[in-house]
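In the order they appear, the protein sequences are chains V and Z. Each residue of the first sequence is one higher than the one before, starting from 758 at the first, in the working numbering. Each residue of the second sequence is one higher than the one before, starting from 193 at the first, in the working numbering.
Worth flagging that the hints you see were computed from the coordinates, not collected in a lab. No residue lacks a Cβ here, since even glycine has one placed at the ideal position from N, Cα and C. Hints may contain errors.
Said to hold, decoys possible - Derived contacts from chain V toward chain Z, CB cut-off under 7 Å, selection only:
(1) 802
(2) 901
(3) 904
(4) 960
(5) 997
(6) 999
(7) 1004
(8) 1008
(9) 1019
(10) 1028
(11) 1030
(12) 1033
(13) 1037
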Amino acid sequence: MEHSLQAENLSFAYPATDGGTPIPVFEGLDLTIEKGSFVAILGHNGSGKSTLAKHFNAILLPVCGRVCVFGMDTKDEELLLEIRRNVGMVFQNPDNQIVANVVEEDVAFAPENLGVEPKQIRRRVDEALKQVGMYEYRTHAPHLLSGGQKQRIAIAGVIAMRPECIVLDEPTAMLDPKGREEVLQTILQLNRDHGMTVVLITHHMEEAALADRVVAMANGKIVCDGTPKQVFSQVEKLEAVGLTVPATTRLLYELNKAGMNLPLDALSVEECAQALKEALNQSSAAE
Amino acid sequence: MTPIIEVVDLKHVYSPGTPFEHKGLDGVSFRVERGQTVGIIGHTGSGKSTLIQHLNGLLKPTSGKVYLDGTYILKDKQTTRNARFRVGLVLQYPEYQLFEETVRADISFGPKNMGLSDAEVKKRVEAAAACVGLTEALMEKSPFDLSGGQKRRVAIAGVLAMEPEVLILDEPTAGLDPKGRADILENLKVYQRQKNATLMIVSHSMEEIASFADQLLVLQKGRVAMYDTPAEVFKKAAALQEMGLAVPQITQVFLRLKELGVDIDTDVYTTGYGLKTILAKKEGAGHA
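Only chain Z is shown next, with the shape it has when bound in the complex (with noise of 0.2 Å):
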């Protein structure tokens, strides 16, 4: 099967030829299936936000490709076009660029961009102001009344409205409390299963990246440093920790058992694995 995506040594040289001149991606390549969550990880200035713009044609590289489900996304004008809106991008804090008078026309107006019908337009919007769980009260307010953690849905419903294949969220969750955070990440995987979309979600809080991405993209210096699942990442502790990473809390305290002399699997980096993996060596224990 053709991947939804596929980066072909991606090299991005900011104010090149000037004393600034700086590597943003140094030779970046790896491809996403369709369907897939892939979370992506790098300390300040690894190379994160430069990749993400580079996926819907937003900065065009210095050399590489990316192709969108087996097309070059950079072909022709209409190409193009057509990527900015099967790809759809939600920027950090992404409430600041809410504009419009009402909630209902700030989120239309990616449809509307698209030439769509007004039917289809209306049909689009509500469907995704559902998805973010924003009643038909708060449709008519202006966006601006509204709370930190409504503004974020209102942004981020203003692209799903684009019904995109491909999301890509940078740090959807910043700045949100702890049930902020779970509400949006779920309504992600409730888009995603609704459309068979893919998602890749950048982010600085490992516990959340390890629980909801299948895979994990590291980047470091503009380089692919790991491309794995989270386990075998999280596995890599001392590693990320040398790229000013680190490993979920859960999975230092499976690294520091071991160390303690429990003969335990390190590779936990959910709760929900942590509380299953003790489980069973206490049941182990018990029958040895």
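In isolation and in its complexed conformation, chain V is listed as follows (with noise of 0.2 Å):
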């Protein structure tokens, strides 16, 4: 498999204030992102998610170690545009992202700042557009859209420059039910259909179940990493780091210490139901 973001025996301390001791984050993290893949990142405020995530596009460099980008060192700084323009980010509050009057402007902004003939930006934009199911608003204001299209619009800024992966920091957070979900499916159809590296950050466990992989973090270590079904079958263990797990997944936890026997890996809704009426249909059978 070809890796798209490699971290190596990373090490990084926030430099200290009032000269104090500079405040560690990672000692020593070895982390590797398959190219294509769809990875969830969960970890409790403070565990070092947001700085890894940074270091993923050289906003922030490593200490020790090194990390590696489509096979460039973050470090190189005559790799710098070419390394931004392929890890593209997209932050939690929308209104922070967005600098034109009219969404089809703040779309091409990355592209022609990347020096992209003006033919070129054209169709890039109306394609980055469509990809987020917002074209039809490419006239519109950004401010007087909703949060949800606020944020699809900086997700399309992002996928204007054509990169390889795209970090997403909480971008659901101010969001409301409807526009996360907006969020999430662009979010999906970019790794299924366009084969787009997707890293999301979340703290809502029901959409790290949706990614093909979970790594959970805590004080800067990896506590858990494996498919989402993998990964919430632990729910001690998560709990333990501050973390929780799908509602899901805590019903059958709480039926199994209760004396039940169930799947702890039923993580959708309907693997859920399916697994608790074949439960709820032995039990009556047995009488």
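Reconstruct the complex from the two isolated chains, following the hints.
Here you go:
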């Protein structure tokens, strides 16, 4: 498998304020993200999730170890533009990420800065807006859109650069359920239909359950790493580090504690309902 | 008994008489009893933030009235000023509003403005800090050196120190991790018990609001679409989805179970109820 993002023996510390000791975040972290995969990163506040994300497009540089992005070392200043073009970032607050007064101008901002030819920009902007389902809003003013729509514009602005990978840092934290659903569907499509590598940082376990792989972090270390089913089955381990599991797993876990024997990896609503149905049928058949 | 909050036919029109004229609230009426916990849900733009800013007189309605404990809050200047102290408002991302040099000074700002004695201010600040779990060591630090979750607590403590009878919070747990979310909600419950306070919370998390509130106010297009217990509101899954809302995942599981032909209650909206419902069903089947 081809690697897209690679952190090797990564150590990082934020510089000390007023002469104290530096604040370490990672010591010797290793993480490899395969090309074309959809990885969710979970962790408590201050676990290092966002710090890690910022290493993936050279906003932060390692103190020790190295970070490679599609084979490019992020410490190589000459590659900086190429690294940033390949790893697009989307942040929590949509209002902080929109620069222009018209949707399509906002989406054109990055390719313009990259010196892309005007005709080519037009094509990329239209494509990007279609991919996030916002094409019909191309001449609207961004500040009049809903949070979910604004966040999709921010994503379009990133994919107009044609990056290999997109890193989203809690993109749904400020959105209502509909906005959250819109953004998640957009992310899933980019990954499934366009093969884009997606790294999603989130506090929502239900969102993480949509990924191919879940990495749970605590205090700068990886505590669980695997498929959503593998990771969320480890209820006690996740709780010990201040995380939780989706409501489906929680219910199955509590039922097992009360003496039932249900599969903890029935993550989706459908799987959970099927597992419960089977268990209930068995108990009535047993009589 | 007089309801602690009564809202009567509240209307708010933004930019009236311009092409941008827009109805923020369009005839909202409801009552809240003292000591209740009300969850406010609605999609972006449904009027949640506009509504809560009316409840302590921060925004003035185009028409309609808000009564606090039976008194019209805009009756005169003194009443409005009192309403601002009696109804504490914690806006979204309140940590952006911290400004003092130390945590202690920041929490003291509200009670000082109320004209309380130094001794009373000190007492309240300490009680508020303790309520949200801020340790003594943090009190002399700059609020800007704290973590996001700690800053959020300082901002909430600043409002708690005014000892409001009604505490209104706009998405108090947004952006926090699961433990941080649970801690803040627990802190609020403690405050509510201590003061018999009324809580109103805006949230986008159906899971959270389902387990926290005893009454849900559902807003849509500036109107009250539903005002009922979580059990009754989450029964209407289809209507909620049409409004851009959702039902908790646990409720979805029970709705699906029912569709699969299992004869089971579907007004399940917390893990606790889910557990009881399944176990009761299993027992029932066992004895059938």
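Comparing the hints with the structure gives:
{"no.": "1", "hint": "802", "result": "holds (5 Å)"}
{"no.": "2", "hint": "901", "result": "violated (9 Å)"}
{"no.": "3", "hint": "904", "result": "holds (5 Å)"}
{"no.": "4", "hint": "960", "result": "holds (5 Å)"}
{"no.": "5", "hint": "997", "result": "violated (11 Å)"}
{"no.": "6", "hint": "999", "result": "holds (4 Å)"}
{"no.": "7", "hint": "1004", "result": "holds (4 Å)"}
{"no.": "8", "hint": "1008", "result": "holds (5 Å)"}
{"no.": "9", "hint": "1019", "result": "violated (9 Å)"}
{"no.": "10", "hint": "1028", "result": "violated (10 Å)"}
{"no.": "11", "hint": "1030", "result": "holds (4 Å)"}
{"no.": "12", "hint": "1033", "result": "holds (6 Å)"}
{"no.": "13", "hint": "1037", "result": "holds (6 Å)"}
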